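Add chain B to chain A, keeping to what the hints say.
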Amino acid sequence: MAERTAIIGSRVGLHARPAAIFAEAAAEAPVEVTIAHEGEPADEALDASSILSLMGLGAEYGSTVVLRAEGEGAEAVLEQLAAILETDHDAE
Amino acid sequence: MSQAFTGVGVSAGRVIGSVRRMPEPILPPADGAPLPAGSSPEAEAERLAAAAQAVAAQLKERAAQATGDAQAVLKATALMASDRTLLKSATKLVASGTCAESAIWEAADAVATQLSALGGYMAERAGDVLDVRARIVAQLRGVPAPGIPDSDEPFILAAVDLAPADTATLDPAKVLALVTSDGGPQSHTAIIARSLGLPAVVAAPGTTALADGDQVFVDGIDGLVIADPGAAEEHLAATYANREELPEFSGNGQLSDGHHVPLLANVGSGVDAQLAAAAGAEGVGLLRTEFCFLGKDKEPTREEQVEAYGAVFAAFGGRKVVVRTLDAGADKPLPFLTDASEPNPALGVRGYRTTLASPGVLERQLEAIAQAASEHQAEVWVMAPMISIPSEAQQFAQLAKAAGLATAGTMIEVPSAAMLSGQILQRCDFVSIGTNDLTQYTMAADRQLGALAELNDPWQPAVLHMVAATAAGAKAAGGKPVGVCGEAAADPALAVVLVGLGVSTLSMNKRALAPVAAVLRTVDLATAQRLAQLALDAESAEAARSAVRAQLGELDRFGL
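As you go down the protein sequences, you meet chains A and B in turn. Going by my numbering, the first sequence opens with residue 48, and the numbers climb by one from there. Going by my numbering, the second sequence opens with residue 1223, and the numbers climb by one from there.
If we strip away everything but chain A, and leave its shape as in the complex, we get (with noise of 0.2 Å):
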């Protein structure tokens, strides 16, 4: 099992874009990822591919997330996926 944190750098938290973004970036991955705030039991976390699991998370400017990912290429698609969530969509 892969694991990596992620801070949330959108200034509004994970609302519709930037979740938009990271949610069409996960589904494309080649393995199943998940998402859970930090410190919540890993058999809590959602489906990260899911735009909604992803704004009912909540996640708020700052704030820090887990993925997780299992299977061939995790690592590095978690490094990819969690550069997404560091970055300021709305200063785009």
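It is worth saying that the hints were derived from the structure and are not from the lab. Be careful, since some hints might not be right.
Claimed, not checked - To give an idea of the interface, some chain B residues facing chain A are shown, with a C-beta separation under 10 Å as derived from the structure: (1) 1289; (2) 1291; (3) 1294; (4) 1300; (5) 1304; (6) 1308; (7) 1340; (8) 1465; (9) 1468; (10) 1752; (11) 1756.
As the list claims (entries may be wrong) - Beta-carbon label-pair distances, calculated as ranges: (12) A/133 / B/1250: 38 to 44 Å; (13) B/1564 / A/130: 47 to 53 Å; (14) A/117 / B/1565: 55 to 61 Å; (15) A/133 / B/1666: 46 to 52 Å; (16) B/1435 / A/85: 53 to 59 Å.
Predicted model, so just to flag it, every value in this text is computed and none were measured. Using N, Cα and C, we set each Cβ at its ideal position, and we do this for glycine too.
Just chain B now, kept in the frame of chain A:
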């Protein structure tokens, strides 16, 4: 054989086009309705997945055609339609024997409730989830998706009435005219039609019979919709299409005798203000401050307020900006000020009245306005909405002066205030008539009800008598200024009447500046006064309108 439907013309123009009906809203399926006879949970789950995918594909396609913010929103909604978590929980319900429609309805409900509980921005997205849900159910039922129909050709949109959410997605390049069976002259449909410059007829009950593809003539001037138009209608539409182009507004509203009538703009944001200034507005007659704050669940901070007001003041350096303090309540609820459970919100604690229930909010707003005013060059006036008695005007003026704002006035929207405008003006510096609410309260007719459209018309002679009484009070109080900032000021013929009744300034949406200015230039003050008298003496709104319009030949020349 052509067939005519009578309604109320709320935005000028005459066009012929093909009808697209606004689809019926999607009715909720029964709670936990069982699988269709002969179906299996597996087949039903597949039907649901296929419908969700189809909706996602439609939204993606629309996203590809859109740009900017609209594209981002459509992309996000497309992802919601194919969301795995949503589908999983709906599929679970299907597995337990629920039909696809009920399953997706219930599953989306849970998501929307969760988002609403998060508040703020996420709560607003709950509406997107419900929209996606309605689209999936429409797809399952094989009926048109809710919302404004998609069409390659421009069309005439026919609906029962349009909600603010519908009008937000209305593309003026695709829609030729609006026709509604319900709604009145002050409905959202009417307001959006005027701001987009689209011909519109509302409260035309017969138009529910119109179907997709029907050819109709829409006459927003005379309030007529004619199916299967003939040569006469074609001629009218062609004449309208060839109307003389309105001269651009010069930035100086006046009558033919040089009598100056400042033409101001109604605005709700800094962007609005810039556009209004570019259109020649001589100032702002109504800054609706609540529009900066709708959707907030708590009182905006001083910094947020100073920035929002400052953006408007910056666009009108050296000119007048009339700021209306928060007008919450009725159709514009603000959770931190208004009580949503009032049985009759239009007659409830709204406008200035909220200051009694929530002391401090108004004081802090006035301080923020004063600070923003000190940072800019605009001449800032403030006014309070929903004033009913002279003592309220006095209290407001004292609060404004205490905050350092020199010019304080009140809105005249309640008949009692119109009757006592003289006393009110002994206690403050100016008044501004809000004709939308003044009409609703004078006629005791809810402005959103199509069935009361005839009553809810600012041409009603009783409403004009209220305006005349207000102007008389102002004269008695030493000639203090009387403005009009309701939709009435945007009707060029009515604008002439208002000036004749003694109104000194007119404030309107920026699109109305050019037509109003052009028509005012064709009359002198004596004529305006004579036409005002004709309207006061008329026995109905229709009679007042026809009598005045018959004397304003220039209206036809410009197709107004």
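Against the structure, the hints:
1. 1289: Violated: closest Cβ of chain A sits about 14 Å from residue 1289 of chain B, beyond 10 Å.
2. 1291: holds, 9 Å
3. 1294: Holds: closest Cβ of chain A sits about 5 Å from residue 1294 of chain B, inside 10 Å.
4. 1300: holds, 9 Å
5. 1304: Where the cut-off is 10 Å and the nearest Cβ of chain A is about 9 Å from residue 1304 of chain B, the hint holds.
6. 1308: At about 5 Å, which falls below the 10 Å cut-off, the nearest Cβ of chain A leaves the hint on residue 1308 of chain B intact, so it holds.
7. 1340: holds, 5 Å
8. 1465: Constraint on residue 1465 of chain B not satisfied, violated at 43 Å.
9. 1468: violated, 40 Å
10. 1752: violated, 57 Å
11. 1756: Nearest chain A Cβ about 55 Å off; hint violated.
12. A/133 / B/1250: 38 to 44 Å: Because 41 Å falls inside the window, the suggested range holds.
13. B/1564 / A/130: 47 to 53 Å: holds, 50 Å
14. A/117 / B/1565: 55 to 61 Å: With a Cβ separation near 58 Å, residue 117 of chain A and residue 1565 of chain B satisfy 55 to 61 Å, so the hint holds.
15. A/133 / B/1666: 46 to 52 Å: violated, 59 Å
16. B/1435 / A/85: 53 to 59 Å: About 58 Å separates the Cβ atoms of residue 1435 of chain B and residue 85 of chain A, which means 53 to 59 Å holds.
Consistency with the previously given hints fails for numbers 1, 8, 9, 10, 11, 15, ordered from lowest to highest.
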